[in-house]
Amino acid sequence: NAGVTQTPKFQVLKTGQSMTLQCAQDMNHEYMSWYRQDPGMGLRLIHYSVGAGITDQGEVPNGYNVSRSTTEDFPLRLLSAAPSQTSVYFCASSYSTSGGAYEQFFGPGTRLTVL
Amino acid sequence: SQQGEEDPQALSIQEGENATMNCSYKTSINNLQWYRQNSGRGLVHLILIRSNEREKHSGRLRVTLDTSKKSSSLLITASRAADTASYFCATAPTQGGSEKLVFGKGMKLTVNP
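From first to last, the protein sequence lines are chains R and G.
Going left to right, the first sequence walks through residues 642 to 756 as our numbering numbers them.
Going left to right, the second sequence walks through residues 22 to 134 as our numbering numbers them.
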């Protein structure tokens, strides 16, 4: 299994450009999520999905869109990039273990710079 | 908003010593998890402790949970240079869905050879 894969690894955008960060998992996990990691801020949840066709907002959703058309894929779209969106983005997937606990599997991250 | 706060924020020890990291949180939880992040990589799940458990072991890792004090500790025994990484606690809130983990800001552990 490849686990959780993310593309691209690095990206530089100009202010106002749009792009899509790709995330895929091959573990048949029902739950997927996107986080951003900024220095000294830990991980903050952007959007999440509990299954195909179902998405919801996390803590910092503004400026981002998601969709979940399949179990495997969960792309994150930046609508109009801003310098404040410079960050490292992590995609994660998880499943419910016994007792309803979710252990998350993370992708390698995408380092995004917005100029 | 962050629920877990790791303490200390940075720790430097010698190989072979034990490392203890603490995590405090604010609301009721279903479980608490610890993750490790090596520089430039994604997070890796280390261990999970449920709210009805007080202590759990996994190899050189020992986790405790005190729900009355809303705190947890992660002990790494006989540390190795390869343990150098950032460590995060993550809580699964009772309310709002336990799939939505809330991560702390992390703490950086350096193990000197």
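The set of hints was computed from the structure by calculation and includes no laboratory data.
Backbone N, C-alpha and C define an ideal beta-carbon position, used for all residues, glycine too.
Among the hints, a few may not be true.
Keeping only pairs whose Cα atoms sit at most 27 Å apart, straight-line, the calculated DSSO-like set for lysine-lysine is [as the list claims (entries may be wrong)]:
no. : chain 1 : residue 1 : chain 2 : residue 2
1   : G       : Lys121    : G       : Lys47
2   : R       : Lys650    : G       : Lys90
3   : G       : Lys91     : G       : Lys77
4   : G       : Lys121    : G       : Lys90
5   : G       : Lys91     : G       : Lys126
6   : G       : Lys47     : G       : Lys90
7   : G       : Lys47     : G       : Lys129
8   : R       : Lys650    : G       : Lys91
9   : R       : Lys650    : G       : Lys47
Covered stretches of chain G (chain R as the covering partner; in silico rule of three or more C-beta atoms under 8 Å from a C-beta of chain R) [as the list claims (entries may be wrong)]:
no. : stretch
10  : 35-43
11  : 90-103
In silico contact screen, one side only, chain G against chain R (beta carbon under 10 Å); selected entries [said to hold, decoys possible]:
no. : residue
12  : Glu76
13  : His78
14  : Gly80
15  : Thr85
16  : Phe109
Verification of the supplied hints:
A distance of roughly 15 Å separates the Cα atoms of Lys121(G) and Lys47(G); the hinted pair therefore holds under the 27 Å criterion. Distance hint between Lys650(R) and Lys90(G) is unfulfilled; the C-alpha atoms sit about 40 Å from each other, more than 27 Å. Between the alpha carbons of Lys91(G) and Lys77(G) the distance comes to roughly 16 Å, so the proposed pair stays at or under 27 Å and holds. Using a Cα cut-off of 27 Å, the hinted pair Lys121(G) and Lys90(G) holds, with the two alpha carbons roughly 22 Å apart.
Between Lys91(G) and Lys126(G) the alpha-carbon distance is near 17 Å, which keeps this suggested pair within the 27 Å criterion. Restraint check for Lys47(G) and Lys90(G): satisfied, since their Cα atoms lie roughly 9 Å apart, inside the 27 Å limit. Using a Cα cut-off of 27 Å, the hinted pair Lys47(G) and Lys129(G) holds, with the two alpha carbons roughly 22 Å apart. For the given pair, Lys650(R) sits about 37 Å from Lys91(G) by alpha-carbon distance, which is inconsistent with the 27 Å threshold.
Between Lys650(R) and Lys47(G), the direct Cα distance comes to roughly 35 Å. Violation of the 27 Å bound is thereby established for this hinted pair. With 0 residues having a beta carbon nearer than 8 Å to a beta carbon of chain R, the stretch 35-43 of chain G misses the requirement of three or more and the stated coverage is violated. Interface restraint, the stretch 90-103 of chain G with chain R: violated (0 residues with C-beta to C-beta distance below 8 Å; minimum three). Look at Glu76(G): its Cβ only gets to about 17 Å from chain R, farther than 10 Å, so that hint breaks.
Hint status for His78(G) relative to chain R: violated, with the closest Cβ pair at about 17 Å, above 10 Å. Checking Gly80(G) against chain R by beta carbon gives a least distance of about 16 Å; that is not within 10 Å, so the hint is violated. Because the smallest distance between the Cβ of Thr85(G) and any Cβ of chain R comes to about 17 Å, over 10 Å, the interface hint for this residue is violated. Using the Cβ-Cβ criterion of 10 Å, the hint placing Phe109(G) at the interface with chain R is satisfied: the shortest such distance is roughly 7 Å.
In summary, the structure is inconsistent with hints 2, 8, 9, 10, 11, 12, 13, 14, 15 from the numbered list given earlier, while agreeing with the others.
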